[in-house]
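Colleague: Go ahead and model the full structure; you've got the sequences and the hints to work with.
Protein chains in written order, with my numbering: chain X, 9 to 224; chain S, 3 to 317.
Treat the hints with caution; some may be incorrect.
[Claimed, not checked] Restricting the straight-line Cα-Cα distance to at most 25 Å, the calculated cross-link-like pairs of lysine to aspartate or glutamate (DMTMM-like) are:
{"id": "1", "chain 1": "S", "residue 1": "274", "chain 2": "S", "residue 2": "181"}
{"id": "2", "chain 1": "X", "residue 1": "178", "chain 2": "S", "residue 2": "154"}
{"id": "3", "chain 1": "S", "residue 1": "274", "chain 2": "X", "residue 2": "125"}
{"id": "4", "chain 1": "X", "residue 1": "199", "chain 2": "X", "residue 2": "83"}
{"id": "5", "chain 1": "S", "residue 1": "274", "chain 2": "S", "residue 2": "44"}
{"id": "6", "chain 1": "X", "residue 1": "178", "chain 2": "X", "residue 2": "83"}
{"id": "7", "chain 1": "S", "residue 1": "280", "chain 2": "X", "residue 2": "221"}
{"id": "8", "chain 1": "S", "residue 1": "274", "chain 2": "X", "residue 2": "221"}
{"id": "9", "chain 1": "S", "residue 1": "217", "chain 2": "S", "residue 2": "146"}
{"id": "10", "chain 1": "S", "residue 1": "280", "chain 2": "X", "residue 2": "220"}
{"id": "11", "chain 1": "S", "residue 1": "274", "chain 2": "S", "residue 2": "154"}
{"id": "12", "chain 1": "X", "residue 1": "178", "chain 2": "S", "residue 2": "146"}
{"id": "13", "chain 1": "S", "residue 1": "280", "chain 2": "X", "residue 2": "43"}
{"id": "14", "chain 1": "S", "residue 1": "207", "chain 2": "S", "residue 2": "39"}
{"id": "15", "chain 1": "S", "residue 1": "280", "chain 2": "S", "residue 2": "154"}
{"id": "16", "chain 1": "X", "residue 1": "199", "chain 2": "X", "residue 2": "110"}
{"id": "17", "chain 1": "S", "residue 1": "280", "chain 2": "S", "residue 2": "39"}
{"id": "18", "chain 1": "X", "residue 1": "178", "chain 2": "X", "residue 2": "220"}
{"id": "19", "chain 1": "X", "residue 1": "178", "chain 2": "X", "residue 2": "125"}
{"id": "20", "chain 1": "S", "residue 1": "217", "chain 2": "X", "residue 2": "110"}
{"id": "21", "chain 1": "X", "residue 1": "199", "chain 2": "X", "residue 2": "142"}
{"id": "22", "chain 1": "S", "residue 1": "280", "chain 2": "S", "residue 2": "181"}
{"id": "23", "chain 1": "X", "residue 1": "178", "chain 2": "X", "residue 2": "142"}
{"id": "24", "chain 1": "S", "residue 1": "280", "chain 2": "X", "residue 2": "194"}
{"id": "25", "chain 1": "S", "residue 1": "280", "chain 2": "S", "residue 2": "199"}
{"id": "26", "chain 1": "X", "residue 1": "199", "chain 2": "X", "residue 2": "43"}
{"id": "27", "chain 1": "S", "residue 1": "274", "chain 2": "S", "residue 2": "225"}
[As the list claims (entries may be wrong)] Now the stretches of chain X that chain S is said to cover, found in silico as 3 or more residues with beta-carbon under 8 Å:
{"id": "28", "stretch": "68-79"}
{"id": "29", "stretch": "166-179"}
Think of the hints as simulated: they come from the structure by calculation, not from any bench.
Note that beta-carbon positions come from the ideal geometry of N, C-alpha and C, so glycine has one too.
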Amino acid sequence: MRKLFLDVSAAATAAGIVLFARLVTAVRGLWSGSEPVARQRVYFANHSSNGDFVLLWTVLPPRMRRATRPVAGADYWNSSALRRFIGRRVFRALLIERGAGEQGGIAAVQQMSAALDNGHSLIIFPEGTRNLTDTPLLPFRSGLYHLAQARPTVDLVPVWIAHLNRVLPKGEVVPVPLLCTVTFGESLHVKEGEGRDAFLERASSALLSLAEESSR
Amino acid sequence: MNALSELLRVLGVALGFLLIASLVAQWLAWRQPAGHESPIIDNLTARINAWWAMVLLLGAACIAGDLALILLFAFCSFAALRECLTLTRTSRHDHRALAVAFFVVLPAQYALIAANWYGLYSIFIPVYAFLFLPILAALRGSTDQFLIRVAETQWALMIAVFCLSHVPALLTLSIPGSEGRGLLLIVWLVAVVQLSDVFQYIVGKLLGRHPVAPKLSPSKTREGTVGGIAIAVLIGVGMHGITPFSPLAAAGAALLVTCMGFLGGLVLSAVKRDRGIKDWGHLIAGHGGFVDRLDSVLFAAPVFFHLVRFFYADT
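Modeller: Now the structure itself:
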């Protein structure tokens, strides 16, 4: 009974969040290089706002939404009952421990690989933290590379989220309605013998090229 | 005849023409060989479908009453303001000014129109928003591109909120002999300006040879512009019965609003070219954004409002 209640309220909350995101941003998904089909994927996106994965999640077709889990910091999403409910029940986030050094990194990649083995798709932010600078993209952390090596057949899809940082900049409470787009690019994989830096560089420029495309 | 039955008659004629347009589009699509869908016909169908929605929505709001009409235009202003501000160079330092523009200035403007306070709604944005939004932006302390940021914000408010609000403001005019018929003035204005756009497009596609403003809007032609405006003026004269205008005055007013509409379209095309975009938005399938569909109304409405107020209304 309690589980049913939690599931129903999670579904209602999810619908409310999607409706709100659409009302404020009229968000539109642009599939430019990959298609909205139910393939297993790791979506990697730029991260400049707390609402980033909500927007990405909103433009996915509902069937794909249910199979797609955002990877998020456990410290943030465990810090209150409401956040726990939204993080675990609504978005079914894969919570990882941040800042635990190399051991933590290995554990996070193992967690993500296990989720992929269970058939889920993932949303990750390879910059590792919110980008509050004026540069479009921070240097990628190595997690994306280790995940790509651990599960080399999974499609890595770059996703550029445009304008959301202007809708709700850090420290503001009231969102300003602006049109947002979420652009999905062509998937990539780690190449035979490709080193970490070369791969991260390639992934990062694939994401940046979508930024230029989405501003046209 | 009372205003409602005249409204229903106009609505009936509009829906009749839309039905014909839909049938023609269906026939054109049906004539296409299988597997050779034409993007032009798809776009035509999308445009006509959007017209159904817009005509039905405006008609329903007119029947529901003044408040519904004011709310409908307030929503259009919201969508148009969102499209304009997305294109600006505003930064996070403008966040409060932008929030005030959306959640204070916009509702206040339409509330003043609902309250029929001409003295304030005609100067609220050009004077008070003009002075106070830059103050809010300045207090945040960032001077980077300051003039551009505040000017773009003010321009967006003028276009999307101030200009558009002059359509429902027609409801507040008291015209001797035409009490309670303000909504028919709205119907006349919207019909003439929008049909001018439609016929400029159709005549231009059929007969257009010479571009009229190749740098701003390559698809607009001299033939289309003159032909479209001429047809719209005839429609305006034909519909003069629902307005306080004589046939001659209706022709003059229709010429004025269609010319303003045409020029407004050029101005907003110039903005689009400057910012490197094709459409303002995507919410009206086949047309683009709200600003794409309303561009000519935005420029025609304030001029039309003051024309009617000056020559016909008790002030």
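Colleague: Evaluate each hint against the coordinates.
Modeller: How the hints compare with the structure:
1. 274/S <-> 181/S: 40 Å, violated
2. 178/X <-> 154/S: 23 Å, holds
3. 274/S <-> 125/X: 47 Å, violated
4. 199/X <-> 83/X: 34 Å, violated
5. 274/S <-> 44/S: Holds - the C-alpha atoms of residue 44/S and residue 274/S are around 24 Å apart, at most 25 Å.
6. 178/X <-> 83/X: Given pair residue 178/X, residue 83/X holds - Cα atoms ~18 Å apart, limit 25 Å.
7. 280/S <-> 221/X: 13 Å, holds
8. 274/S <-> 221/X: Cα-Cα ~17 Å, so holds.
9. 217/S <-> 146/S: It is violated: about 31 Å lies between the C-alpha atoms, which goes past 25 Å.
10. 280/S <-> 220/X: 15 Å, holds
11. 274/S <-> 154/S: 13 Å, holds
12. 178/X <-> 146/S: 19 Å, holds
13. 280/S <-> 43/X: 23 Å, holds
14. 207/S <-> 39/S: 20 Å, holds
15. 280/S <-> 154/S: Holds: residue 280/S and residue 154/S sit about 19 Å apart, inside 25 Å.
16. 199/X <-> 110/X: Satisfied, since the Cα-Cα distance of roughly 24 Å is no more than 25 Å.
17. 280/S <-> 39/S: It holds: about 23 Å lies between the C-alpha atoms, which stays within 25 Å.
18. 178/X <-> 220/X: Holds, because 24 Å separates the two Cα atoms, which is no more than 25 Å.
19. 178/X <-> 125/X: Since the Cα atoms of residue 178/X and residue 125/X sit roughly 35 Å apart, the hinted pair is violated (cutoff 25 Å).
20. 217/S <-> 110/X: Roughly 58 Å between the alpha carbons, so the hint for residue 217/S and residue 110/X is violated.
21. 199/X <-> 142/X: 31 Å, violated
22. 280/S <-> 181/S: 43 Å, violated
23. 178/X <-> 142/X: The hint holds at about 13 Å.
24. 280/S <-> 194/X: 24 Å, holds
25. 280/S <-> 199/S: 18 Å, holds
26. 199/X <-> 43/X: Holds - the C-alpha atoms of residue 43/X and residue 199/X are around 22 Å apart, at most 25 Å.
27. 274/S <-> 225/S: Given pair residue 274/S, residue 225/S holds - Cα atoms ~24 Å apart, limit 25 Å.
28. 68-79: violated (count 0)
29. 166-179: Holds: 5 residues of the stretch 166-179 of chain X have a Cβ under 8 Å from chain S.
Of the numbered hints listed earlier, those contradicted by the structure are 1, 3, 4, 9, 19, 20, 21, 22 and 28.
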